[in-house]
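Undergrad: The task is simple: from the sequences and hints, build the whole structure.
Protein chains: 2
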Amino acid sequence: MKPTIRVPAIDRRVVLSSLAMLPLLSASLRSTSAVAQAQRDPLPSWNEGATKASILDFVTRVTTQNGPYFVPVEQRIATFDNDGTLWVEQPMYVQLAFALDRVKALTPMHPEWKTKQPFAAVLDGDLKALLASGEKGLVEIIAATHAGMTTAEFEKIVTDWLSTARDHRFKRLYTELVYQPMLELLAYLRASGFKTFIASGGGIEFMRPWTERIYGVPPEQVIGSSIKTRFEMKDGSPTLFRLPDINFIDDKAGKPIGINEHIGRRPIAAFGNSDGDLEMLQWTTLGASGARFGLIVHHTDAEREYAYDRQSHFGKLDVALDAAAVNKWTVADMKNDWKCIFAFE
Amino acid sequence: MKPTIRVPAIDRRVVLSSLAMLPLLSASLRSTSAVAQAQRDPLPSWNEGATKASILDFVTRVTTQNGPYFVPVEQRIATFDNDGTLWVEQPMYVQLAFALDRVKALTPMHPEWKTKQPFAAVLDGDLKALLASGEKGLVEIIAATHAGMTTAEFEKIVTDWLSTARDHRFKRLYTELVYQPMLELLAYLRASGFKTFIASGGGIEFMRPWTERIYGVPPEQVIGSSIKTRFEMKDGSPTLFRLPDINFIDDKAGKPIGINEHIGRRPIAAFGNSDGDLEMLQWTTLGASGARFGLIVHHTDAEREYAYDRQSHFGKLDVALDAAAVNKWTVADMKNDWKCIFAFE
Numbered sequence: 002m003k004p005t006i007r008v009p010a011i012d013r014r015v016v017l018s019s020l021a022m023l024p025l026l027s028a029s030l031r032s033t034s035a036v037a038q039a040q041r042d043p044l045p046s047w048n049e050g051a052t053k054a055s056i057l058d059f060v061t062r063v064t065t066q067n068g069p070y071f072v073p074v075e076q077r078i079a080t081f082d083n084d085g086t087l088w089v090e091q092p093m094y095v096q097l098a099f100a101l102d103r104v105k106a107l108t109p110m111h112p113e114w115k116t117k118q119p120f121a122a123v124l125d126g127d128l129k130a131l132l133a134s135g136e137k138g139l140v141e142i143i144a145a146t147h148a149g150m151t152t153a154e155f156e157k158i159v160t161d162w163l164s165t166a167r168d169h170r171f172k173r174l175y176t177e178l179v180y181q182p183m184l185e186l187l188a189y190l191r192a193s194g195f196k197t198f199i200a201s202g203g204g205i206e207f208m209r210p211w212t213e214r215i216y217g218v219p220p221e222q223v224i225g226s227s228i229k230t231r232f233e234m235k236d237g238s239p240t241l242f243r244l245p246d247i248n249f250i251d252d253k254a255g256k257p258i259g260i261n262e263h264i265g266r267r268p269i270a271a272f273g274n275s276d277g278d279l280e281m282l283q284w285t286t287l288g289a290s291g292a293r294f295g296l297i298v299h300h301t302d303a304e305r306e307y308a309y310d311r312q313s314h315f316g317k318l319d320v321a322l323d324a325a326a327v328n329k330w331t332v333a334d335m336k337n338d339w340k341c342i343f344a345f346e
Numbered sequence: 002m003k004p005t006i007r008v009p010a011i012d013r014r015v016v017l018s019s020l021a022m023l024p025l026l027s028a029s030l031r032s033t034s035a036v037a038q039a040q041r042d043p044l045p046s047w048n049e050g051a052t053k054a055s056i057l058d059f060v061t062r063v064t065t066q067n068g069p070y071f072v073p074v075e076q077r078i079a080t081f082d083n084d085g086t087l088w089v090e091q092p093m094y095v096q097l098a099f100a101l102d103r104v105k106a107l108t109p110m111h112p113e114w115k116t117k118q119p120f121a122a123v124l125d126g127d128l129k130a131l132l133a134s135g136e137k138g139l140v141e142i143i144a145a146t147h148a149g150m151t152t153a154e155f156e157k158i159v160t161d162w163l164s165t166a167r168d169h170r171f172k173r174l175y176t177e178l179v180y181q182p183m184l185e186l187l188a189y190l191r192a193s194g195f196k197t198f199i200a201s202g203g204g205i206e207f208m209r210p211w212t213e214r215i216y217g218v219p220p221e222q223v224i225g226s227s228i229k230t231r232f233e234m235k236d237g238s239p240t241l242f243r244l245p246d247i248n249f250i251d252d253k254a255g256k257p258i259g260i261n262e263h264i265g266r267r268p269i270a271a272f273g274n275s276d277g278d279l280e281m282l283q284w285t286t287l288g289a290s291g292a293r294f295g296l297i298v299h300h301t302d303a304e305r306e307y308a309y310d311r312q313s314h315f316g317k318l319d320v321a322l323d324a325a326a327v328n329k330w331t332v333a334d335m336k337n338d339w340k341c342i343f344a345f346e
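So the protein sequences, as listed, match chains L and Y.
Position in the first sequence (from 1) plus 1 gives the number in my numbering.
Position in the second sequence (from 1) plus 1 gives the number in my numbering.
Some clues are possibly wrong.
If several chains are the same, the list does not tell them apart, and a pair holds so long as it fits within one copy or across any two.
Straight-line Cα separation of at most 25 Å, BS3-like style, residue types lysine-lysine; simulated pairs [stated by the list, open to error]:
(1) 235 with 253
(2) 340 with 105
(3) 157 with 336
(4) 235 with 329
Hint data in this document are derived by calculation from the structure and do not stem from the laboratory.
Bear in mind the structure is a predicted one, so any value in this text is a computation, not a measurement.
TA: Here's what the structure looks like:
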């Protein structure tokens, strides 16, 4: 799977910078801008076709005043999975790459790791042995790398790592490996009065330091998996100390639970890419009145990104792909529906 | 403690209805309106004095562009306790009154409750015996009345109850027993670019059905205690079924934990009234740079509402009152600082 660099016809830099400005505009200006944007194509990186049409049709329905499908602004809630839906999740989740790098960085303080699994597997770069250690091994890695510091310290560790670590295939910062068509979709929904949330199986505190800058999604609109914390006053300053105990897994049936806990109402649109998003898509679209929208990003482009679904280690898409056909969820075929994958192409 | 009805000099109805309109206005209109409102007094139900001045001074500081204490809009986060801070918590928490009414309503299906504690105490109206059953008894009551149905069913039960149940002393709906000065404060902060959140020890799903209508706080900005839920597909429709297990207690050291989990950044202003709010006030105001604001509502008015603090069963204010003096938190003296308590006076 060799990467190829494509130079698309339109200038993505202009598109990106104008989208980046959107959150700065006031709500009323945004409404005006939505009209202007709709006229000049809010989704320039999406090819014309049934997929793009289904998105535009849904947004038009729920925003058409006095129309049969009109939804008041405060109920326009959209939830997005992160890994594989907004950014790359191959050859492994970015957060796993972070954890492995942290194991290496912390090894001088833990010489015993050199002969102790699953840490030895990490230090040997033996991903197979690591995966063989199963969930127990991964939880050990997470506990050793994600706990034992304050929330403020963890935020700095994540921010520092993301500012330098690079993906091996694309040689880019991970925060550059976000899908340009999905950035446009996030901005388009917000310009149409939606509140956009992330509902990810990934760690909530791993995402929050950068989601506002990269996606325009503020920390309070990020839902994810978490470990427990303990409140402590230290030298007169309050801290939250991160503990090596799982608090919540925001995946599969956990997604509607996390969404309900954080948002308190059902989304009217949801976007995912794997079986981990099945229940979120069900919770969003089924057994409810009015217009609802579900979309699955299908990774079909080995040349520009990756091609995987039913057999994949990360981001397995099997049951949810069958459910999409039954429930009339839109399936976005990355190869055919997306003009470009990344802004830097 | 006999209630007295006072007719204040200004027309509260006008104030209330204009405040109620605020959330409908766009962000840019709100900014304009903030200026106009500041000129015509954004807190008309607050008496002039040090308390009111401290609020106005804080808001002016953080909203003054290029000033030394300016805070960007996205960081203007304010958290409010609910019971005793935004509405009445005496002679018992409203949610406890709800639970006791639910026990009575459900007794025909549970004849064994007539002779079984703590249910018998409830049916006999014996609050002392109920409190003697301790936390274990209260958890049993909560499990019996708050679990065993879907989230949608529970929302309807709460909404129906609140539309008819009345407080014994004031003969009013509980949602009328909200503090007019605090409604003005919520609206004033929002008009000044703040996002207002509730962080309550009360049940998150008990508050969400009405906080948007009464306080202008949408469900996604409500943080509270919760029980566990289970996702289930039923006849093709997704449901969340409420289980009789505690998920999270959003009180004391739980408040900063809940705030971090939901918001992901520290508030710059917090409002409480009891020792249950101590850690939220610490988390908000201590060991942080820039302007921070903490306020405690002190119940000092037995004539118009209730007077209680260090010895109270509900809303005990002891350690946090001492901490207020040390940490320079504002203490609002209800009797002297508030022109009126309720909108209906």
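Undergrad: Each hint should be assessed against the structure and marked as holding or not.
TA: The hints, checked one at a time:
1. 235 with 253: Classified as between: cross-chain Cα gap 17 Å, same-chain 38 Å, threshold 25 Å.
2. 340 with 105: Answer is neither: 38 Å inside a copy and 63 Å across each miss the 25 Å cutoff.
3. 157 with 336: neither (36 Å within a copy, 46 Å between copies)
4. 235 with 329: between (54 Å within a copy, 19 Å between copies)
Hints 2 and 3 from the list above are not met by this structure, while the remaining hints are.
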